[in-house]
Amino acid sequence: MDRRELERQGYLVTRGFIDLHAHLREPGFEESETIATGAQAALRGGFTTVCAMPNTEPAIDSPGLVAEVIARGKAAGGARVLPIATVTRGRKGKELADLVELASAGAVAFSDDGSPVDDARLFRSAVEYASVKGLLVIEHPEDLALSGKGVMNEGRVSAALGLPGISNAAEETAVARAILVASELDAHVHLTHISTAGSVDMIRAAKERSIPVTCDVTPHHLAMTDDWVRGRRAFAWEQGLKGEQISGAPADGTPFDANTKMNPPLRRLHDVRALWIGLADGTIDAIATDHAPHASVRKDVEFDQAAFGISMLETALPLVLGGVRAGWCDQDTALRALTDGPARVLGITPNADDWIAIDVGATWTVSADALATRGKNTPLLGRELRGRVVAAAVGGDVRFDGGAREEIRAGVR
Amino acid sequence: MTVLEQAKALRWTRRHVLDTDDWTRDEIEAVLETSGAMVEILKRPVRKAPPLRGKTVILFFAEASTRTRVSFELAAKALSADVTTISASGSSVEKGETLLDTVRTLHALGGDVVVMRHASSGAPYFVAERSDAAVINAGDGWHAHPTQGLLDAYTLRGALGDLQGKRIVIVGDVLHSRVARSDIHTLVPLGARITLSGPPTLMPLAWRRGQLPACVTYEADLDRALEDADGAIALRLQKERQEGGLLPSLREYSRVWGLTEARVRLMRPNAPVMHPGPMNEGVEIDAAVAHGARSLVERQVTNGVAVRMALLYLLVGTPLDEH
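Which chain is which? The protein sequence lines are X and F, in order.
This note's numbering puts the last residue of the first sequence at 423; the count rises by one with no breaks.
This note's numbering puts the last residue of the second sequence at 1524; the count rises by one with no breaks.
For the record, the hints were derived by calculation from the structure and aren't laboratory data.
Since we're looking at a predicted model, the values are computed, not measured.
Glycine is no exception: its CB is placed at the ideal position from the N, C-alpha and C atoms.
Hints are supplied without guarantee of correctness; some may be wrong.
Cβ-Cβ distance ranges computed for the label pairs, FRET-style [what the hints assert, rightly or not]:
(1) ARG1305/F <-> THR264/X: 30 to 38 Å
(2) ALA215/X <-> GLU1230/F: 33 to 41 Å
(3) MET11/X <-> GLU1330/F: 42 to 50 Å
(4) ALA81/X <-> THR1299/F: 34 to 42 Å
(5) ARG1305/F <-> LEU154/X: 30 to 38 Å
(6) ARG18/X <-> GLY1411/F: 52 to 60 Å
In silico DMTMM-like links for lysine to aspartate or glutamate, alpha-carbon gap of 20 Å or less [to be verified]:
(7) LYS386/X <-> GLU1444/F
(8) LYS84/X <-> GLU138/X
(9) LYS159/X <-> GLU1330/F
(10) LYS104/X <-> GLU78/X
Here chain X stands alone, though its shape is the one from the complex:
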């Protein structure tokens, strides 16, 4: 398959997407995902490079484990798999992992994601130590005392459903802490999956003052609101300013669906709008999936008992394009946040032979069978989405062929 030919046929051919943040679950949680299934799912979602978070069992905190992730990634034959290692040994938040050695073994960044580095002194120390070699620290901004036992966004919806809430401040105090540390040390901190208007404002102000912070946002925080937890499943751009559903919105689903439970939680429409504004004005550097696949046993339980996380690699593109179609961000800017943006955060030069072809207008229905990931945990099951990756090449090698030609003949476009 030739990229120029695909271009001539009217597909949007672009650089392959780079995902700064995905949970591939191997080793330890292979019932939820493996490096092989995750790398395959990534490719189908248009990600020719995927960074694997280290909150596995064991956590990726030794050079041997880093090498193992790399080897399994290569063997998978899907997207390029870049390992992220832990910031602290065993991801326990007590002492620093051997950051330089881990980087030498191939770790592209460091994160205790799933949790913050809760101890402020250790966090500062990690950022300071990492700066010596220009290593990238990715912080999951959350004040654990403030988020407490919360399971969804604190607001009107949590009040109605009787679920413990997670306030915006639970994220924003951690964002503020990271900005202050980055400023004082003049050292880079990357904040992942920011979800609130307040976080966007603080990061925008920090960047204006040339403080070295970067950040990413997830497709689900760009598309969904906390109304999804009570079963009202209109995308943000399908809601009026007061949160009411406008035309094209689907019928209500069941409330308390554990597939709508994620951390950070789905926020209010006000926050979602602020995230798009931040994406459009460059405050937000990248879109990262926080792909968090879970086996059904961890989701098919009571809402408060369920694991946090949503399967996202394969639905990221259509969600982003939804906001683009609504006029919330231009397409080039949105696509840059999936390509050049994350490359800059990582400090890598994307391989020019990593490319994908997109059928921007194609519609498809999300189903368990249609997803390559083992994580079928998404509230989008059964939903028709618009925008589909039809081919993906890594280093010039077409590793995913979604059957573009056949579908053209079938008149799908």
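For this one, chain X is given, so just place chain F on it according to the hints.
Just chain F now, kept in the frame of chain X:
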């Protein structure tokens, strides 16, 4: 056609009773009218009617509760149902048995109605979606306790008549209270206005900041909330709230938000006082108020059986004239 048949035929289409938040006034009225007929049955010398003969009601109580369980048991038996109880202490996770396992067991047992009490908000939705039985929510986490809301509405109607324009104060730990939520969703459609009172740490933030449900207001000062009110409902205060840093002490709580005799007099003459029980006398309500002339607490318990009979009848009862 009897009152019962009319209520059922014209206005009842629900398969489950999970929450009253999406009920119409008509549906609530249907339950209250049917409850009235059930009260008559309970006054007979032989307190037994046949509409649930041959039906099985499973009481699935995954959280400790004596009062509600016994109330449902009496209700089901008064309608001639076979009743069986599954209790479980602690969370299902601790037991190593998941809620999904329990749902499969319930399914295999083949009950017609599952009455469930569970510590997790939303758990009855989980069961309803996966079982053939009619599910009645007997209290889920902080979310809802629809039968309590309905029995409170029935009891208040008995005392006050039409609730249109009546103002009811709900005081206490609203944040963690399924009773408060269900009272709101039941009383408001009947025309009542609600004033919530209690410490800000025990109120949902969104509600304190003005995003309240329709016809509901918040007034932190209980004296002001009670002034000229038509009735008051005190909520049970869990003693853990103090350890969680949400309250300084029970003594301070009772001084600021306890229903005392002096406070009760701020309401309209004879305005009634209710409590879902069990009461912490001397904390959220003084003994003199709890057992005084205005107290409807015992009537709530009696009416609870009738309301639960009404719901069982509406969900799975066979028409009385077939017997």
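Next on the checklist: Please list, smallest to largest, the hint numbers that this structure does not respect.
Outcome noted: Hints 1, 2, 7, 8, 9, 10 are the ones this structure does not satisfy, whereas the remaining hints hold.
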